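> Now for the letters of each chain:
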Amino acid sequence: MKIHEYQAKEILKEYDIQIPVGFVTDKVSDVKKLVKKLPTKLSVIKAQIHAGGRGKGGGVKLAKTLQEAEQHAKDILGMQLVTHQTGPEGQKVRKLLIEQGMDIEHEYYLGVTLDRDSGKITMIGSTEGGMDIEKVSAETPDKIIKVRVDPANGLTASNIRKLIAGMEFTDKDLQKKFSHFCKALYNVYVDKDCSLIEINPLVVTAQKEMFALDCKINIDDSAFYRQKEILKYHDANEEEPLELEAQNYGLNYIKLDGNVGCMVNGAGLAMGTMDIIKAYGGSPANFLDVGGTADATRVANAFKIFQKDKNVKAILINIFGGIVRCDRVAQGVVDAMKTSKLELPLVVRLAGTNAIEAKKLLEESGVSVIAASNLEDAAQKVCDTVK
Amino acid sequence: MSILVGDDSKVIVQGITGKEGGFHAKQCMEYGTNLVGGVTPGKGGQEFEGVPVFDTVAQARLATGCNVSLIFVPPAFAADAVLEAIEAGIELIVTITEGIPVNDMVKVNSALKNSDSRMIGPNCPGIITPGEAKIGIMPGFIHQKGRVGVISKSGTLTYEAVNQLSELNIGQSTCIGIGGDPIIGTGYIDLLKLFEADADTDAVVLIGEIGGQLETDAAKWIRDNMTKPVIGFIAGKTAPPGRRMGHAGAIVSGGDDTADAKLAMMKKCGLFVAETPASIGKTVKHALECTSDKSKFGGPAELSMVY
Numbered sequence: 060m061k062i063h064e065y066q067a068k069e070i071l072k073e074y075d076i077q078i079p080v081g082f083v084t085d086k087v088s089d090v091k092k093l094v095k096k097l098p099t100k101l102s103v104i105k106a107q108i109h110a111g112g113r114g115k116g117g118g119v120k121l122a123k124t125l126q127e128a129e130q131h132a133k134d135i136l137g138m139q140l141v142t143h144q145t146g147p148e149g150q151k152v153r154k155l156l157i158e159q160g161m162d163i164e165h166e167y168y169l170g171v172t173l174d175r176d177s178g179k180i181t182m183i184g185s186t187e188g189g190m191d192i193e194k195v196s197a198e199t200p201d202k203i204i205k206v207r208v209d210p211a212n213g214l215t216a217s218n219i220r221k222l223i224a225g226m227e228f229t230d231k232d233l234q235k236k237f238s239h240f241c242k243a244l245y246n247v248y249v250d251k252d253c254s255l256i257e258i259n260p261l262v263v264t265a266q267k268e269m270f271a272l273d274c275k276i277n278i279d280d281s282a283f284y285r286q287k288e289i290l291k292y293h294d295a296n297e298e299e300p301l302e303l304e305a306q307n308y309g310l311n312y313i314k315l316d317g318n319v320g321c322m323v324n325g326a327g328l329a330m331g332t333m334d335i336i337k338a339y340g341g342s343p344a345n346f347l348d349v350g351g352t353a354d355a356t357r358v359a360n361a362f363k364i365f366q367k368d369k370n371v372k373a374i375l376i377n378i379f380g381g382i383v384r385c386d387r388v389a390q391g392v393v394d395a396m397k398t399s400k401l402e403l404p405l406v407v408r409l410a411g412t413n414a415i416e417a418k419k420l421l422e423e424s425g426v427s428v429i430a431a432s433n434l435e436d437a438a439q440k441v442c443d444t445v446k
Numbered sequence: 011m012s013i014l015v016g017d018d019s020k021v022i023v024q025g026i027t028g029k030e031g032g033f034h035a036k037q038c039m040e041y042g043t044n045l046v047g048g049v050t051p052g053k054g055g056q057e058f059e060g061v062p063v064f065d066t067v068a069q070a071r072l073a074t075g076c077n078v079s080l081i082f083v084p085p086a087f088a089a090d091a092v093l094e095a096i097e098a099g100i101e102l103i104v105t106i107t108e109g110i111p112v113n114d115m116v117k118v119n120s121a122l123k124n125s126d127s128r129m130i131g132p133n134c135p136g137i138i139t140p141g142e143a144k145i146g147i148m149p150g151f152i153h154q155k156g157r158v159g160v161i162s163k164s165g166t167l168t169y170e171a172v173n174q175l176s177e178l179n180i181g182q183s184t185c186i187g188i189g190g191d192p193i194i195g196t197g198y199i200d201l202l203k204l205f206e207a208d209a210d211t212d213a214v215v216l217i218g219e220i221g222g223q224l225e226t227d228a229a230k231w232i233r234d235n236m237t238k239p240v241i242g243f244i245a246g247k248t249a250p251p252g253r254r255m256g257h258a259g260a261i262v263s264g265g266d267d268t269a270d271a272k273l274a275m276m277k278k279c280g281l282f283v284a285e286t287p288a289s290i291g292k293t294v295k296h297a298l299e300c301t302s303d304k305s306k307f308g309g310p311a312e313l314s315m316v317y
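As you go down the protein sequences, you meet chains A and B in turn. So the number in our numbering is just where the residue sits in the first sequence, counting from 1, plus 59. So the number in our numbering is just where the residue sits in the second sequence, counting from 1, plus 10.
Treat the hints loosely; a few may be bogus.
[Said to hold, decoys possible] In the DSS-like style, the derived pairs of lysine-lysine whose C-alpha atoms are separated by at most 30 Å in a straight line are:
id, chain 1, residue 1, chain 2, residue 2
1, B, K117, A, K440
2, A, K242, A, K221
3, A, K337, B, K117
4, A, K337, B, K230
5, B, K247, A, K221
6, B, K295, A, K179
7, B, K117, A, K314
8, B, K123, A, K337
[As the list claims (entries may be wrong)] Here are some chain A residues the structure puts well away from chain B; computed CB gaps all over 10 Å:
id, residue
9, I183
10, A211
11, K231
12, P300
13, N360
No lab work stands behind these hints, which were simulated from the structure alone. Bear in mind the structure is a predicted one, so any value in this text is a computation, not a measurement. We put the beta carbon where it would ideally sit given N, CA and C, even for glycine.
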């Protein structure tokens, strides 16, 4: 789960990490009042959406006066902010973070994430803050300092020394501040079950103060059962409405922009099915893993989602019955067809346990279904209907 | 022969009295797996389908001499169940549980590295040596005893591939689902080593997906070390970047963890590549024909055939 910058900063504050003074608002009329409360005349108006790259898209603006701040707020609030992470339609800005200005001397990068190769939590630092860190990593890999943390020992003094050396902090006071910063950030990562924390940039000001100027935190979805208080940060507005609806049905669904809706059991086979639709000239409208229980309710709910997606011109159901019996799935499809008034062509491929009984059941039910004998046949048939 | 599991595997199920654990324990027994007991804390002394239930893995180990544990414990307690199995000295731990927090797996991973235990999973269908032992949730009947090894991150996609093989009368030596999480106990290379050394395996199918570096590293290892043909497939060519495709680990987050990048590396390293999930069986058949008829087999450079 992604959370907003202002929410991430609330967490940092709990851990005694220094953040700029700032206020959140969804009203332009509040802006002047809030800017007056800042310790600096200079203010920063920041769009709060989950995607990165907000600055380049015009979602972060500096203001020298109250009038300027209000004008920026007017421009940003309610805009469809387009960044490299939002897609061409952009994301609507519903909240603003109003922050104090900073007299920045240098911008650094500090991140914490999982290193999949070693299976360890990794802290990543760089002197090249404020830029796209993937780009820094690709172009100047020597500017990236990584420390892998042994879970038995936690973040050690030597881990921190390696970061301090790599990030060229020579001032004793800054070293101390940075050391605290690293320890606190590691604790946030572990305590809150994060999958990513990025402070980009971490800044040192002319007054030799250290601030987390921006912060991005992603939470591990598997840990929600023990991170109940984090769930209050969930923002449904940031999600695709159809994905939210699918989530409420307990379906694992991701919307794409193709014309063939597909319903599959298992994530790997679901991806494989999307791929084969493309290979046969169609285009997948979604990823959808119905899981182990493809009963009438789940199938009917999936149909509802497909019917609401105006791009969908045909549907492919691909189920490999292992533990789940194909005849039960077939019954589910028949029942769902009766209640859903589905007008789209439907290709069904059922393989594995009781596949023969399932085929018979579909044929005798009288519902309009195109039966497919194998994966190739299914892909061919569904793509033929959309040509 | 086969790898890791067979007639000599003595299996216990952790979580045997739960709904999932109980259902699958019975399925494994019906397949012919030598299931010798189960563990559920607080239920020691009971029986399940004729085998004893213990409170702890250590007790089960002492009483039954089990060397494999199959874990169905819910996500919140699964990491602890694995640590208990490691502590009891279980040689092979197969963790089916989906949704274990990554930070828990970081600790488990570290404990595994400091032990003699090997873990398959988590979030996987398990491992099967057809005709000998089914230790997992895969449908036993689609498998056929034979000489092709299968390694995969997926569940149903593996069944799809195995089904294609069996329909072409190509049997399997051992099939392993390694799981789709960001941290897994055993990766491709460990298993490729075992298959390379196994006298009864002629070829290996490697099924991967988007996200991470495991497939890329495996392809390079195959190029440098493997004499047996390997058939590769990667799911997720059409997956958008930055989105988690069902499996916790299936997310494109760089540029070199896409399906296309992995497929390109596989081809470069001399693997036979199946272009669609429907052509995995056919590609294996072709690979076996190429390697048995040496005149068609001109070395790794000419090995890569594309369907």
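> For every hint, state whether the structure bears it out.
Hint check results:
| no. | hint | verdict |
| --- | --- | --- |
| 1 | B:K117 x A:K440 | violated, 48 Å |
| 2 | A:K242 x A:K221 | holds, 14 Å |
| 3 | A:K337 x B:K117 | violated, 40 Å |
| 4 | A:K337 x B:K230 | holds, 28 Å |
| 5 | B:K247 x A:K221 | violated, 39 Å |
| 6 | B:K295 x A:K179 | violated, 40 Å |
| 7 | B:K117 x A:K314 | violated, 34 Å |
| 8 | B:K123 x A:K337 | violated, 41 Å |
| 9 | I183 | holds, 14 Å |
| 10 | A211 | violated, 6 Å |
| 11 | K231 | holds, 33 Å |
| 12 | P300 | holds, 16 Å |
| 13 | N360 | holds, 17 Å |
The structure fails to meet hints 1, 3, 5, 6, 7, 8 and 10 from the earlier list, while all remaining hints are met.
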